[in-house]
Amino acid sequence: MSTALPPLPEPDDELVYIHAAEGRVGPMSRRDLKAQIDAGQLTVNHHFWFSGMEGWQKIADQGALLSFGAVPTAPAVAARVHPEANDLNAEEIAAAMANDNPVVMGNVGDFSAHVEPGSPEDDRLDGIFGELVENSWEYYESHNFASHIDEVFLGAIITSTLDSECVLIDISSDGTHHYLRFEDLEDHSRIVYRMTHLTSGLTQAKVLGQRASIIVGYGERVGNFQKIWKALQAEYKSGLVSSPEPGTITVDGDMNSGYVYVQIDLFLTIDDYVGADYAVNYKQLQDHLAACHNALRKYLRGRFA
Amino acid sequence: MFKLLNQFNHKAEIRESQDEMLVGEIVRAMARQGHPSISFRAHDDRQMIRFKTIVDPVLNSVWITLDRKTGTGALSQALMGSKATLTLTAEIKNRMTDPDDILNMYRTDLANMFKMPMMGGIKLNHELNSVYATMTKIIEIKTFVMKGEVGVEALVQLLDGSIDQLRDKLAPYKKG
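The listed protein sequences derive, respectively, from chains D and E. Mind the numbering: the first sequence is residues 1 to 305 in the working numbering, read in order. Mind the numbering: the second sequence is residues 1001 to 1176 in the working numbering, read in order.
Each hint should be verified, as a subset may be incorrect.
Simulated crosslink set (DSS-like; lysine-lysine; CA at most 30 Å straight-line) [said to hold, decoys possible]:
| id | chain 1 | residue 1 | chain 2 | residue 2 |
| --- | --- | --- | --- | --- |
| 1 | E | Lys1123 | E | Lys1142 |
| 2 | E | Lys1123 | E | Lys1083 |
| 3 | E | Lys1169 | E | Lys1083 |
| 4 | E | Lys1175 | E | Lys1123 |
| 5 | E | Lys1147 | D | Lys283 |
| 6 | E | Lys1093 | D | Lys206 |
Since the hints were derived computationally from the structure, they do not count as laboratory data. Note that the coordinates shown come from a computational prediction; the quantities given were computed from them, not determined experimentally.
Build out the structure end to end from the sequences listed, making use of the hints.
So this is what it looks like as structure tokens:
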């Protein structure tokens, strides 16, 4: 642990002791100490002491020990902040100080230093600030895309289903699931969707891809209430299946409207439909939705024929 | 499945779903213009959707809010039709990175911005990096829904025309 030093000995005064593996070395001058470090005989990891110090300290912790010019004052240091100072080790810092290079230790973050507006230093700092903001925008946009993509997909489902001559008659969200219901105005069949975004976080999305679970349901009005009731009794277990395996078609009914629905649970990769530039592959989405509707319609009509 | 069906309102008549129909048509109309939806907020009589204006050189996003005022009951619809207010808010986002430019923007453009709401006109406001322009229109929902391509075309014209006006108001504030 470094502590403040008493006044340093003159560079050529032989007053400094070194604690080395073979025992105490010295006394030697600070100039000799630097020469031995440069020659590799000692390192900045050795400890030193001179009269007036409370205890041994590591050379690396006291760069001024190897600096033979005037010790810079705080304002002077602030004016000479070097962007690479943090990358240097103690030896390099000490050497730089000895050669009066514009590198200092411990003063890099002097935020109170006044920089003249419009000066080269002001421009340089503005440039750094701009890079930080620009990089943050990139992160922000990536994060936004990851959190918005489910709603881009939801809009794509709406557009694709409307293009199949249906109208949207219900839309809601509970914060986790999105619900949509459509009606075909010609035959009054209905289509329901529940879409859940499974990878809303940026990290999850990058590792797994954008995934969603979707329930697709197809319903038709059945006039005979008894028929609906019997079907529901027969399929009662469907409603108790919390997470059906893929390919399992379950049945349910809505007594108020007289509709019987069949549904299937699917897992989709949203990336297959929505590109990184928000472009939607409508052809593929419409094909996939049409395949689901066709299968469910056949099943429903087969069951209640 | 029981849970899924319970999520819907099961409105008794198709008339009661006209605002949802219009929301669907708005989503499709905006998609055709290259503006995908990025946020949905649905309430009983108020729907708000945000669109990312990917292909627009000035705008960053557009919010469209449909607020139904009349026509949920048969009597009110017969008397007054299916009136709703359609509020469009366009946003520009200035991705400024130079502190001097940010300071100038606040000192000049934004300090002089008109902030009072104005029915039928365009209201401007700003928040951090964004500047917004908002306009509200009273519309008859039946003009646009269940009218086939004619209704869709009328809706596209309404939305395009409104967004053009908002873009014109915002363009002077776009930086970079």
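Structure-based check of each hint:
The straight-line distance between the Cα atoms of lysine 1123 (chain E) and lysine 1142 (chain E) is roughly 27 Å, inside the 30 Å bound, and the hint therefore holds. A C-alpha spacing of about 22 Å is found between lysine 1123 (chain E) and lysine 1083 (chain E), which places the hinted pair at or below 30 Å, so the restraint holds. Between the alpha carbons of lysine 1169 (chain E) and lysine 1083 (chain E) the distance comes to roughly 27 Å, so the proposed pair stays at or under 30 Å and holds. A hinted pair counts as satisfied when its Cα atoms are at most 30 Å apart, and lysine 1175 (chain E) with lysine 1123 (chain E) qualifies at roughly 20 Å.
Distance check on the hinted pair: lysine 1147 (chain E) and lysine 283 (chain D) sit about 25 Å apart at the alpha-carbon level, within 30 Å; holds. Taken as a hint, the lysine 1093 (chain E) and lysine 206 (chain D) pair is honoured in the structure, with Cα atoms around 26 Å apart against an allowance of 30 Å.
In the structure shown, no violation is registered for any of the earlier numbered hints.
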